[in-house]
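Work out the full structure: start from the sequences and follow the hints.
Residue numbers (this note's numbering), protein chains in the order written: chain A, 1 to 290; chain B, 291 to 452.
A portion of the hints provided could be inaccurate.
Listed next, with one range per pair, are the computed distances between beta-carbon atoms [stated by the list, open to error]:
| # | chain 1 | residue 1 | chain 2 | residue 2 | range |
| --- | --- | --- | --- | --- | --- |
| 1 | A | 156 | B | 343 | 29 to 35 Å |
| 2 | A | 19 | B | 427 | 50 to 56 Å |
| 3 | A | 255 | B | 443 | 46 to 52 Å |
| 4 | B | 324 | A | 12 | 31 to 37 Å |
Honestly, the hints are just simulated from the structure, not real lab data.
Even glycine gets a Cβ: it sits at the ideal position worked out from N, Cα and C.
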Amino acid sequence: MKPPKFAYHAPQSLTEALQTLAGVGDEAVLLAGGQSLLPLLNMRLASPAHVVDLGRVPGLDDIRVTNGHAEVGAMVTHRRMEVDPLIAHAVPLAQKAAGYVGFRAIRNRGTVGGSVAHADPAAEWPLVLLTLDGEIELTSANGSRTIRADDFFESVYSTAKRSDEVVTSVRFGTRFERNWGFWEFQRRTGDFATVAVAVACVVEGGSVTEARVGIAGAAEKPVRCTTAEQALLAGSTSAASEAAAAAQDAVDPYDDVHGSSSYRKRLVFAATKRAATQALGHHYGVLDHA
Amino acid sequence: MREVHVTVNGASAAAAIDPRMLLSDFLRDRLGLTGTHVGCEHGYCGSCTVLVDGASTRSCLTLAVQVDGKSVHTVESLAAHGAELHPIQQALKDCHGLQCGFCTPGLLMSVAELASNGSTCTRDEIREHLAGNTCRCTGYQHIVDAVEQVMRSLRSEAVDVS
Ligand SMILES: Cc1cc2nc3c(=O)[nH]c(=O)nc-3n(C[C@H](O)[C@H](O)[C@H](O)COP(=O)(O)OP(=O)(O)OC[C@H]3O[C@@H](n4cnc5c(N)ncnc54)[C@H](O)[C@@H]3O)c2cc1C
Ligand code: FES
Ligand code: FES
Numbered sequence: 001m002k003p004p005k006f007a008y009h010a011p012q013s014l015t016e017a018l019q020t021l022a023g024v025g026d027e028a029v030l031l032a033g034g035q036s037l038l039p040l041l042n043m044r045l046a047s048p049a050h051v052v053d054l055g056r057v058p059g060l061d062d063i064r065v066t067n068g069h070a071e072v073g074a075m076v077t078h079r080r081m082e083v084d085p086l087i088a089h090a091v092p093l094a095q096k097a098a099g100y101v102g103f104r105a106i107r108n109r110g111t112v113g114g115s116v117a118h119a120d121p122a123a124e125w126p127l128v129l130l131t132l133d134g135e136i137e138l139t140s141a142n143g144s145r146t147i148r149a150d151d152f153f154e155s156v157y158s159t160a161k162r163s164d165e166v167v168t169s170v171r172f173g174t175r176f177e178r179n180w181g182f183w184e185f186q187r188r189t190g191d192f193a194t195v196a197v198a199v200a201c202v203v204e205g206g207s208v209t210e211a212r213v214g215i216a217g218a219a220e221k222p223v224r225c226t227t228a229e230q231a232l233l234a235g236s237t238s239a240a241s242e243a244a245a246a247a248q249d250a251v252d253p254y255d256d257v258h259g260s261s262s263y264r265k266r267l268v269f270a271a272t273k274r275a276a277t278q279a280l281g282h283h284y285g286v287l288d289h290a
Numbered sequence: 291m292r293e294v295h296v297t298v299n300g301a302s303a304a305a306a307i308d309p310r311m312l313l314s315d316f317l318r319d320r321l322g323l324t325g326t327h328v329g330c331e332h333g334y335c336g337s338c339t340v341l342v343d344g345a346s347t348r349s350c351l352t353l354a355v356q357v358d359g360k361s362v363h364t365v366e367s368l369a370a371h372g373a374e375l376h377p378i379q380q381a382l383k384d385c386h387g388l389q390c391g392f393c394t395p396g397l398l399m400s401v402a403e404l405a406s407n408g409s410t411c412t413r414d415e416i417r418e419h420l421a422g423n424t425c426r427c428t429g430y431q432h433i434v435d436a437v438e439q440v441m442r443s444l445r446s447e448a449v450d451v452s
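Written as structure tokens, this is what we have:
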């Protein structure tokens, strides 16, 4: 058998899951869709003493749209985000990004909460949460707290979540539902992004009153680019190109087998320009994404 | 050890298993259903794809305990012993959509998912859906031909994989 030995727990409620976690602490990992954890177990890069399966915990797969937010339970799958009508309406950027997560079979099982907790620097959900001014709800046996996406992601596979906490839901801001853009380069369909850029704006009376530009694949975590955001707020006729140039200047990407640093910088330029152009040109109902 | 009850290809199966046992190993080693192939064992090649409650799933990235109480369909469900080939299998054969056959079981289950609602797709959509099924032999062209053919012939009726 490929995975190492572990003790398996299948709690039937969140309370039971939290108690189990509190009891075994650092020795435990949570299992959601398993689409990141199982490869780690199969390659024996992880050997947890305890695995706590969230698969039978009820109440973690709701999707609700409330004042200013779309709230998504941690166990909602990537596939549901791709096809859910509430998501398509309230956070179309999230719907668009969902289709870029892995292959269909991965999307059928992998979850939003798992992706956020795993915090791969090239993953879509951390990027989209950051760009849509999102929040992450964390729950432990001692209660819940909410952290802004801006403060949650710390580095490669590392977040502000403590080991006794479960990601119970995430919230995406819905005020960007008209003016958003997303562009991702993957070497093959279904691969992790080499670079992905998401742009979200609020446009009032013809001018941009809020702009957020998020970039994945250029640093150890998804980052916002404030200079690109300022270019969009300044609102010149060439705002998208100015934002793209600012983003390219701001990033200092890593080299790896998927692309050198200078190549990624150029991808950041192209991706930002396209995503920003979409965001500024968007009007609800005429979404024109290649 | 943990007791699991799974419906596999319509028949119920119960076993006491080590919780770390992968669904792929459970199907192949415990139930003798060696049609499900195992290639990369980290989610990329797609040869281990089965349906869990109708949704394509990597059996190499799923613990057997995770499908306790669920329904699993493997390639063996498409044409039971001695039965005629399923339309998807026949189309693959007609269009030369396989050579060595290693990728074929997983590919068939991905196609079964795509065809299960009776709709048709463009060639691009077919390619997109099958992006997670690596084939080192055919060059994909004939696979896409086969899927187009089966979708055309089954346009009005849902493909039954049960
Ligand atoms: C072939 C392949 C391609 C992929 N491509 C992409 C891609 O393009 N983009 C992308 O973003 N991802 C990709 N993934 C990863 C996929 O999105 C995973 O689904 C996701 O990273 C983890 O979600 P999961 O539900 O599968 O979590 P699991 O694998 O079950 O868990 C991952 C980690 O998060 C922890 N965890 C899970 N849920 C919670 C929770 N609710 N609270 C606290 N901690 C939790 C676990 O303990 C574990 O450490 C790919 C995976 C594969 C195998
Ligand atoms: S063996 Fe499961 S995807 Fe390759
Ligand atoms: S037929 Fe040989 S890998 Fe596809």
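For each hint, the structure was consulted:
In this structure the hint that residue 156/A and residue 343/B lie 29 to 35 Å apart at CB holds, the actual value being about 34 Å. A hinted range of 50 to 56 Å holds for the C-beta pair residue 19/A and residue 427/B, which are about 52 Å apart. A C-beta distance of roughly 50 Å is found between residue 255/A and residue 443/B, which places it inside the suggested range of 46 to 52 Å. Between residue 324/B and residue 12/A the beta carbon distance is about 34 Å. The supplied range of 31 to 37 Å therefore holds.
Comparing the model with each earlier hint shows no violations; every hint is respected.
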